[in-house]
Structure formats: C-alpha cells, structure tokens
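Undergrad: Listed below, chain by chain, are the residues.
Number of protein chains: 2
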Amino acid sequence: MSALLSPEGLEQRLRDVGAQRYHDKHPFHVRLHAGGCTRGEVQAWALNRYTYQAHIPVKDAALIARTGSSDLRRAWRQRLVDHDGAEAGEGGVERWLRLCESLGLERADVLAFRGVLPATRFAVDAYVNFVRERSLLEAVASSLTELFSPTIIRNRVAGMLANYDFVSPESLAYFSARPEQARRDVEVALAYVTANARTPAEQEAVIAALEFKCDMLWAMLDALQHAYVEPGHIPPGAFVPEG
Amino acid sequence: MSALLSPEGLEQRLRDVGAQRYHDKHPFHVRLHAGGCTRGEVQAWALNRYTYQAHIPVKDAALIARTGSSDLRRAWRQRLVDHDGAEAGEGGVERWLRLCESLGLERADVLAFRGVLPATRFAVDAYVNFVRERSLLEAVASSLTELFSPTIIRNRVAGMLANYDFVSPESLAYFSARPEQARRDVEVALAYVTANARTPAEQEAVIAALEFKCDMLWAMLDALQHAYVEPGHIPPGAFVPEG
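Sequences listed follow chains X and W, in order. Taking the UniProt record's numbering, the leading residue of the first sequence gets 1, the next gets one more, and so forth. Taking the UniProt record's numbering, the leading residue of the second sequence gets 1, the next gets one more, and so forth.
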C-alpha cells in the first residue's frame, strides 16, 4: 500500500498523469495544431468533439445531483451556466456548434450527432456513466484534465489561426472563454479532492479517475486518426468528407 | 414512416445489416484469418476480446432481470450455462481464458483486464448499458449478430489453424461449441423480435439495435487495428507485445 500524500504531493502525481497521458501528446493534435489536417479532418474533429461538448453539462448535472452539499452544488452550477449560457444562443455548446457551422457542417446534422464515430459515442458515454456511477470523489477528480487545458487551448488557437485559411478568430470564440473558466473550475475541483481524499486508497482512486479521463480523450483522437488520417478506415455510417 | 414488414421481410432487413456492417468485413479480421497477423497481434486480439467474452453473461443476466416472462428467462438462461459452465473450469469464458493462455498471456493479467485498450472497455460497456437501458425488444435484438457468427467462426478456425503454428485445435476449443449454441440462441431471439416488433417504429428500433451491435464489434477491431497493426499507436498503458 502506498503512503498518504501531502496535498502538494497529490497535485504533483496528478500533474504527472497529465505529462504522460493528456491528449496534447496525441499525433492527431500535433497534426491539427501544426496545420497538417485537411479541411475534412478538421470537420471530422469538430463534429466528433461536439458529442463530447454536448455531454459536458449532462455529466455536470449528474455530478450536482449526487451531492448533498449546497457549496459544491453552487460552485459546480457555474459550469452549467458556462456551457448552456444565460439564454438561448449563448454558452459553450452553442459556440462549438458555430465552430462546426463555420467549417461548413450543417447545424442539424451536428445537433443530431449524424455521422459521429461509434467509438466517440462509446467514449463520451463512458465518461457520463463514470460520473454517474463512481464515487463523488472520483467524479470530481475526472474533471481535472482542466489542469492541462489552458496550454493545449493556447497552442490550438495559435496553430489553427496560423495554418488554416478556413478558420477565423470568430469561429474559435469557444476557446477564448475557456482558459479563465478552466482555471476557476480546477481550483474548486482540486480543493475538493485534496480535502476529501483522506486515505491512500482514496488518493489512488483520484489518480485513476484522472487516468481514465485522459484515456477517454485519447481514445477519441485514436478513433479520429484511424478513421480520417489513415485512408480507407471510415467505419460504416460515419461522416465522409467531400472530395 | 415505413410500412410494417412481414416476419420474412424483417429478417431480410436484419440480414442486410449483417451483409453491410458485420465485422467479418473488417480488415483486421481479414488479416487475422488469412495469417497476416504477428503473434503479438493475435495476443492483443485475444486479450481485448476477453473483455467482451467476460461481459456476455453479465449482459445476458441483465436481460433476464428485465423480463417478467418465465419462458424468455428460461430460454435465455441457457446462455449463462454456455458461458459460465455447469461448474468451475467449464464454459465459454473459461475456454477463452485458455485460448489466451495458449497464446502466452498470463491468466492473472487477462482476468484483471490488464493492458486492455480503453476503447475496447468503452465499447463493451456501451453494449452492457444498451441491454440494461433500452427496451427489452432492443436488448433482445442486439444479440442477433449471432445470425452471422457461424460463418465467421468457421472461417476463423480454418484460417487460424492453417496459418499460425502457435495455434492448436485445443486452443480454439471455444469455437467448436459456438456455432450450434448460436443457431439455437438465434432461433429464440429471432422468434421474439418477429413476434414483438408489431409497429414500423418497433421494427426500425430492432434494426437499429443490430446496427448498434455491429458498430460496437467494428469499433473493437478499429481500436486493435489502430493500436497494433499501424506501428507507434499503442495508447498509454495498453498491452505491448514482446519483440
């Protein structure tokens, strides 16, 4: 059995997980940010990733529904506001839809998840079910990939604007709000897990939850890479880029 | 809205799904059966597929738990017997474990799902959850890939024995029992769906359930192909073949 880590020691172990497994190391992201993707590949990325974006407020609501703490519910509620907006036409889900539209996808197709890879759906459902079914501590911990997201977003925005003439600053509006939101969110989640993981077993569960989340993001990019970067591997029924 | 199909018409639509989407058309199976796989690739296939095998009686028990019909429970119970055996050391799950051992994998690693691709786990969990959460009619219909399994099993056994010196008839014992079991199982399931899908919408749901199941099997092979056939794509934490 491992020893109990200090809060700083636990945070360092979590950062190590990111250094080893976060999807900024995935070849598809390297390709996406460096300008190596075709327009069809960027479309497939945005379309599949919409499945993830659309389920973030679902998993956040599932988490809120599991806690008896007004404090945690109130803090976590901000995530619903960020993703669903104060009213129709606002929020992160809508901004991701506009990114898809700016890339030439039909809004109705994206909303209906038409052509999304089955592997994407399975990975996103695994995440929602993880938050519903595991301990509340693990559910909170699985959000901690936001420790690493400000860097990937900065690289993504710079890389995509420099490398793709079909991408505009307006189309990337989703990303301009996210780093500040992620910094605030991660503060809440990190304080929660350091306060509530009080045994070595609970700390290991927190680390494993973050590994699970990294695996899930990685699997989404594996599926994209296999289907769209390597020719001839688009599974039956999935989105086929033009041309 | 589509018209109500006759029982024969519905069965034909289901067979059409198999002709288009069943995983015997996947390049990994073509490679596996034709002798193109390395020993490491066959190990990875057996290890990942064990996750599926081990969860078949779990999804069958979930289905049994959902019906008030003694007749359906009794007929479906035979599947538990087939996979878990009459006593320890028997049944399909145990035979698959022995296949893994005969390929040089450690029994304890396989039992613990050590090194299994996250995408495999997500696909298998999606199947178990489908059977738990969708209508009983859809749950039954999702088993109908057994309409197509006798052919793929015959090709697999012949191809693997002819092409791999590390595969023996004993190691493939799992497959010798399956075609007859599948024929009996499919008779029950097909009679159930043709009797219980009484509206066009229910018939469409049955067809969609079989498509889902085909997609899930296909996604498992996509993940194997991406990780093990195309070099350099094994995700963090997954099984790495020797050499």
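The hints are simulated quantities; they were obtained by calculation from the structure and are not laboratory data. Treat each hint with caution, since some may be false.
As the list makes no split between identical chains, a pair holds if one copy fits it or if it spans any two.
What the hints assert, rightly or not - Keeping only pairs whose Cα atoms sit at most 25 angstroms apart, straight-line, the calculated SDA-like set for lysine to any residue is: (1) Lys25 <-> Pro200; (2) Lys25 <-> Glu242; (3) Lys25 <-> Arg13; (4) Lys25 <-> Pro231; (5) Lys25 <-> Ile234; (6) Lys25 <-> Glu202; (7) Lys25 <-> Arg156; (8) Lys25 <-> Arg114; (9) Lys25 <-> Gly89; (10) Lys25 <-> Gly237; (11) Lys25 <-> Asn163; (12) Lys25 <-> Phe212; (13) Lys25 <-> Glu230; (14) Lys25 <-> Arg132; (15) Lys25 <-> Leu172.
Undergrad: Each hint: holds or not?
TA: So, going through the hints one by one against the coordinates:
With identical chains, the CA atoms of Lys25 and Pro200 are never at most 25 angstroms apart, being 29 angstroms at best within one copy and 47 angstroms at best between copies. In this homomeric assembly, Lys25 and Glu242 come within 25 angstroms of each other (Cα to Cα) only across copies, at 24 angstroms, whereas the closest approach inside a single copy is 28 angstroms. For the homomeric pair Lys25 and Arg13, the shortest alpha-carbon distance inside one copy (18 angstroms) is at most 25 angstroms, but the shortest distance between copies (43 angstroms) is not. When the C-alpha separation of Lys25 and Pro231 is checked against a cutoff of 25 angstroms, the pair qualifies both within a copy, at 22 angstroms, and between copies, at 16 angstroms.
In the homo-oligomer, the alpha carbons of Lys25 and Ile234 lie at most 25 angstroms apart both inside one protomer (23 angstroms) and across protomers (13 angstroms), since each shortest distance falls under that limit. For the homomeric pair Lys25 and Glu202, neither the shortest alpha-carbon distance inside one copy (28 angstroms) nor that between copies (44 angstroms) is at most 25 angstroms. Only within a single protomer do Lys25 and Arg156 lie at most 25 angstroms apart by alpha-carbon distance; the minimum there is 13 angstroms, versus 37 angstroms between protomers. With identical chains, the CA atoms of Lys25 and Arg114 are at most 25 angstroms apart between copies only, with a shortest distance of 23 angstroms across copies and 28 angstroms within one.
With identical chains, the CA atoms of Lys25 and Gly89 are never at most 25 angstroms apart, being 33 angstroms at best within one copy and 43 angstroms at best between copies. With identical chains, the CA atoms of Lys25 and Gly237 are at most 25 angstroms apart between copies only, with a shortest distance of 14 angstroms across copies and 29 angstroms within one. In the homo-oligomer, the alpha carbons of Lys25 and Asn163 lie at most 25 angstroms apart inside one protomer (19 angstroms), although the nearest pairing across protomers, at 37 angstroms, exceeds that limit. In this homomeric assembly, Lys25 and Phe212 come within 25 angstroms of each other (Cα to Cα) only inside a single copy, at 16 angstroms, whereas the closest approach across copies is 31 angstroms.
Both within a single protomer and between protomers do Lys25 and Glu230 lie at most 25 angstroms apart by alpha-carbon distance, with minima of 18 angstroms and 18 angstroms respectively. In the homo-oligomer, the alpha carbons of Lys25 and Arg132 never lie at most 25 angstroms apart, since the shortest distance is 28 angstroms inside one protomer and 36 angstroms across protomers. In this assembly of identical chains, the alpha carbons of Lys25 and Leu172 lie at most 25 angstroms apart only when taken from the same copy (21 angstroms versus 39 angstroms across copies).
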